[in-house]
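Participant: Sequence:
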Amino acid sequence: MNGINEAGRPAPLPFDEGAVRRAKEALLTRGLLTSPVSQPGVRNIIERSWRRCIGEGVPPQPRFTPSRGPAERQSMLVDAARPVLERLSEHLADARVALFLSDDKGHIVMRKAAERRQRNELDNASAAEGFDFSERSVGTNTLGLGHVSSEAHALLWTHLRDSPVRREPRQVRVPLPTGWHDAIVEHVEGTEGERSAFCVRLLPADSHDAGVPPGTARTNSRAVTTSEPVHPRQDIAEQVSTAIRHRECLALDGEPGTGKLHVASAAFATHFPGEPPLVLDLSTYRRDNEDSWFTAAMEALVIGRGVVLRHLNDVAPSELNRIKAIAECSQDQHTGSPPLVLTIDTEKAPEHARTLIDQLATTVRLPALAEMPEQLPSLVTRILAAMPDVERQTRFSSDALQLLMCGSWPGNVAELRRTVEFLAHRMPGAVVGAGDLPTRMQQTAPHRQLTMMEAAERESISAALRQSGGNRSQAASALGIGRTTLYRKMRFYRLD
Numbered sequence: 001m002n003g004i005n006e007a008g009r010p011a012p013l014p015f016d017e018g019a020v021r022r023a024k025e026a027l028l029t030r031g032l033l034t035s036p037v038s039q040p041g042v043r044n045i046i047e048r049s050w051r052r053c054i055g056e057g058v059p060p061q062p063r064f065t066p067s068r069g070p071a072e073r074q075s076m077l078v079d080a081a082r083p084v085l086e087r088l089s090e091h092l093a094d095a096r097v098a099l100f101l102s103d104d105k106g107h108i109v110m111r112k113a114a115e116r117r118q119r120n121e122l123d124n125a126s127a128a129e130g131f132d133f134s135e136r137s138v139g140t141n142t143l144g145l146g147h148v149s150s151e152a153h154a155l156l157w158t159h160l161r162d163s164p165v166r167r168e169p170r171q172v173r174v175p176l177p178t179g180w181h182d183a184i185v186e187h188v189e190g191t192e193g194e195r196s197a198f199c200v201r202l203l204p205a206d207s208h209d210a211g212v213p214p215g216t217a218r219t220n221s222r223a224v225t226t227s228e229p230v231h232p233r234q235d236i237a238e239q240v241s242t243a244i245r246h247r248e249c250l251a252l253d254g255e256p257g258t259g260k261l262h263v264a265s266a267a268f269a270t271h272f273p274g275e276p277p278l279v280l281d282l283s284t285y286r287r288d289n290e291d292s293w294f295t296a297a298m299e300a301l302v303i304g305r306g307v308v309l310r311h312l313n314d315v316a317p318s319e320l321n322r323i324k325a326i327a328e329c330s331q332d333q334h335t336g337s338p339p340l341v342l343t344i345d346t347e348k349a350p351e352h353a354r355t356l357i358d359q360l361a362t363t364v365r366l367p368a369l370a371e372m373p374e375q376l377p378s379l380v381t382r383i384l385a386a387m388p389d390v391e392r393q394t395r396f397s398s399d400a401l402q403l404l405m406c407g408s409w410p411g412n413v414a415e416l417r418r419t420v421e422f423l424a425h426r427m428p429g430a431v432v433g434a435g436d437l438p439t440r441m442q443q444t445a446p447h448r449q450l451t452m453m454e455a456a457e458r459e460s461i462s463a464a465l466r467q468s469g470g471n472r473s474q475a476a477s478a479l480g481i482g483r484t485t486l487y488r489k490m491r492f493y494r495l496d
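Heads up, the sequence shown is in UniProt numbering, so the first residue is 1 and it goes up one at a time.
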């Protein structure tokens, strides 16, 4: 089939530089009132860029590329992106690919190019730090095009700007290239008019009600009052949300400190906003030899309030029928009422507690922090975001985050929270480096198993160091990376 690829999509047209040049010259000659370019090989997005440039009077061949001094570069953006670009440049070293980082105005703030010849070519084209490659400055180009051609974002922003979305989070239907989707939308405080900004989080495809017109704000029981995700891992969040939406009795299973209560609270806030759930700690009531928890739970369910029963490990065999009665009561309420949530650590729970969970609940296991090190940076960001004033501005360097990701974290998320809050109190508004972490974290070797790529990388670095007799400069040269990168990787893999 001509023009169709294996995926069943139209194959891209071959690039014809001459045809593209002739199409642009024709547009320049005839002006903006001409019909759209129909020459083969000219994409619509390029033709629209040409038209914008002509309309704004951008010279077809600018005599020079504007630049600004290095003092104006965005240091926070550079600091955050540097480790990412370094890793990408290492993986793409053999592909002769140059990497660029630009700010929201089109100014290049960082460039990564491995080959000297390539760097010279880019320098001759002014494709270097500090130069302005926005579409308004130099015309149609890849860097500048990326800042003005985001059709999905433009369509979404225009819709939200004209919708009744205001300060509080609302569940609305929003337009995307694939159709209308349900999302939680919140207007960002301090932005108005043409500079309005919105926080948008798409909901699962099955979360909307049939027959709701596009753009209709909804405030029913499934609306969200918090933009915080139910769980940092998407698969866990979807399991929890599915059970909650269907009003199933939910058991959150995990080690101490894995955030069971936090996940339960976030799930209720997301799907059943309003009054927060009643949280009852069975271990406390058992020690005090009280049974008032049963009455409190039943009364809360009758008035449509959610209930969380914590530490089911401590439930006595004599109390099993009460738990069953509470679960039945939660299912007997009207469809808009929140369900019952239980928390348990099945690894340490007695047999009668595990049997009860199997009989009553949909169980979702929350992984230990050491099982999801890739989520640790986002968790650190969320913990800092909840802190007050200057402490909220505290940041962790890439080296510090890598050390944190290597920790065993026996106390799980609770231990991480204490560590981050402690360091933010000690260094409010500063950048926390690897040397600022507690000594035990600096001296502890990685506890998680390395990925196959990491294991191969560690072995390559170790072999290069052996062959160079420990000369790090020679080892870095043999590996094709800079000495700074080598030092960072040696610290990460504990090769120093």
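Derived from the structure by calculation, the hints contain no laboratory data.
Where a beta carbon is used, it is the ideal one built from N, C-alpha and C, also for glycine.
Among the hints, a few may not be true.
[To be verified] Using C-beta positions, here's what the derived DEER-type ranges look like:
(1) R392 - Q467: 43 to 49 angstroms
(2) G480 - Q359: 57 to 63 angstroms
(3) A125 - L261: 39 to 45 angstroms
(4) T439 - A386: 32 to 38 angstroms
(5) A125 - R466: 38 to 44 angstroms
Participant: Taking the numbered hints from earlier one at a time, note which ones the structure violates and give those numbers from smallest to largest.
Facilitator: 3, 4
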